[in-house]
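Can you build the whole structure from these sequences, using the hints too?
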Amino acid sequence: TNNHSSDLKTEFIRYFPDIEEKHEAWKFIRNPFQCEVIVVLDEVQEEFLELKFNSPAKEDFKELDLESF
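Heads up: the sequence shown begins at 1 in my numbering, then just goes up one per residue.
Because the hints were derived from the structure by calculation, they are not lab data.
Positions of the beta carbon are idealized from the N, C-alpha and C atoms, including for glycine.
Possibly wrong hints are sitting among the right ones.
[What the hints assert, rightly or not] Computed spacing ranges between beta-carbons, pair by pair:
hint, residue 1, residue 2, range
1, 5, 67, 15 to 21 Å
2, 59, 15, 22 to 28 Å
3, 8, 55, 25 to 31 Å
4, 9, 60, 18 to 24 Å
5, 67, 37, 33 to 39 Å
6, 50, 12, 27 to 33 Å
7, 5, 43, 26 to 32 Å
[As the list claims (entries may be wrong)] Below 27 Å or equal to it, Euclidean Cα-Cα: the simulated BS3-like pairs (lysine-lysine) are:
hint, residue 1, residue 2
8, 58, 27
9, 62, 52
10, 27, 62
11, 9, 27
12, 27, 52
Put into structure tokens, the structure is as follows:
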């Protein structure tokens, strides 16, 4: 299992080489309602703000698990 996890991480880094340096910028994926816009990548800031201030989406986020949301 550890070997598989290590291999998976290696492959992930191969496909997304800059993921570590942008780690902070992707925190909004876990909880967009507690993340500050300044840490979100410029390319997605507009969509992020629309989601962050969408009350029905915020309620759904509270009620659903992350995968369902």
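Under the constraints set out in the numbered hints, which ones does this structure not fulfil?
Violated: hints 2, 3, 4 and 5.
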